[in-house]
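Dock chain U against chain X, hints included.
Those sequence lines, one after another, are chains X and U. Positions 10 to 200 (my numbering) are the ones given, in order, by the first sequence. Positions 10 to 200 (my numbering) are the ones given, in order, by the second sequence.
Careful: at least some of the hints might be erroneous.
Said to hold, decoys possible - Taking lysine-lysine and the DSS-like style, the derived pairs with C-alpha atoms no more than 27 angstroms apart in a straight line are:
1) X:K12 to U:K76
2) X:K87 to U:K12
3) U:K199 to X:K98
4) X:K187 to U:K87
5) X:K76 to U:K12
6) U:K187 to X:K170
7) U:K187 to X:K87
8) U:K12 to X:K117
9) X:K199 to U:K65
10) X:K65 to U:K199
11) X:K187 to U:K187
12) U:K124 to X:K195
13) X:K124 to X:K98
Think of the hints as simulated: they come from the structure by calculation, not from any bench. Remember, predicted model here, so these are calculated numbers, not experimental data.
Protein chains: 2
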Amino acid sequence: MTKLVTEDTGAFYQYYPRVAVVVTAQASGRANAMAAAWHTSISAEPPLYGVAISAKRFTYQLIAESKEFGINFLPFAKAELVASVGGSKGSEVDKFHRFNIAREKPVKTAVPILKAAYAAYECKLVDDRGYGDHRLLVGEIVAVHVLREALTPEETLDLAKVSPILYLGHDLYLTTSKDMTYLDRKVYGKR
Amino acid sequence: MTKLVTEDTGAFYQYYPRVAVVVTAQASGRANAMAAAWHTSISAEPPLYGVAISAKRFTYQLIAESKEFGINFLPFAKAELVASVGGSKGSEVDKFHRFNIAREKPVKTAVPILKAAYAAYECKLVDDRGYGDHRLLVGEIVAVHVLREALTPEETLDLAKVSPILYLGHDLYLTTSKDMTYLDRKVYGKR
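Next comes chain X alone, as it looks inside the complex:
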């Protein structure tokens, strides 16, 4: 087993897999959807969610104008839709029309919510900051859309009901194992 240590980070794909989401936005009568893997929760109270997007993206322009964005979580059966919105340009084509993407009504913003999503967040932009070749957009989650059946009573994803889309890089998609392990941190922290 060889451990390579290098200062040449290259494309550094080691942090994958990550849940692939569809980021949505609208402004001035135009809407768009893009695929993203660089996203994370940042705060629980208030609930803040961040996503890194290139300023070159059409979606970024819409968010910068409207100060709102949506984060949509789709089941693995919809991975082709993620590839479709990931491989097309919203400045050139109306992706909702082209890919026949069904929408639901947002409640606190005007961002498109995908009907196929098992969960979606409506976010109001609270920060937009440049880091290297991307901008980090931080939004406060002002409404949650969730398929109740996708969650257990403890609010975690019910993997018997829904399979999330994991992205590995280089157009490779997978999902989770079905089995899981409970490791009580209170017990393991005292070993």
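What follows is chain U alone, placed relative to chain X:
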């Protein structure tokens, strides 16, 4: 199938699963390791990585002092170690000693690198910013440690060789499916 729409975000666990990492830091002769799931790549060039940490954490204090942190990716077989460092306090116990955590030498920083990691990043802090109940720490990746065998020639994770740790929330851990699907975005974007 009932879609719930709510402004009460609750604990909002819908964005899981996420790769669980061990964040490491040292300062003034003390070192620590903590578990984290709120992390993401933010920029490719320069390579920037972000992680959200509560300012209450001992690890945060070490990073604020040293301006450096490590991100360690462990195989699923080491999920118990993640639960152990996640369930104990670095201000009270030397976790490296308690849990017998083997380390490797860092090359560009002084952050602890875990021997069990299939990949690890040495990061120099470039931003530290408060968002709600957490702080977002952004670091430039200045060195990468990687088990060459864990990656394919295309630099993606080789899931036949390594199983990443996915965290689902509420002390539940799982890994990825073994099979994956290639969906060429250039093809799907033109459907």
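Inset, instruction - May I ask which of the numbered hints given earlier this structure violates, with the numbers listed in increasing order? - result: When the structure is compared with the hints, none of them turns out to be violated.
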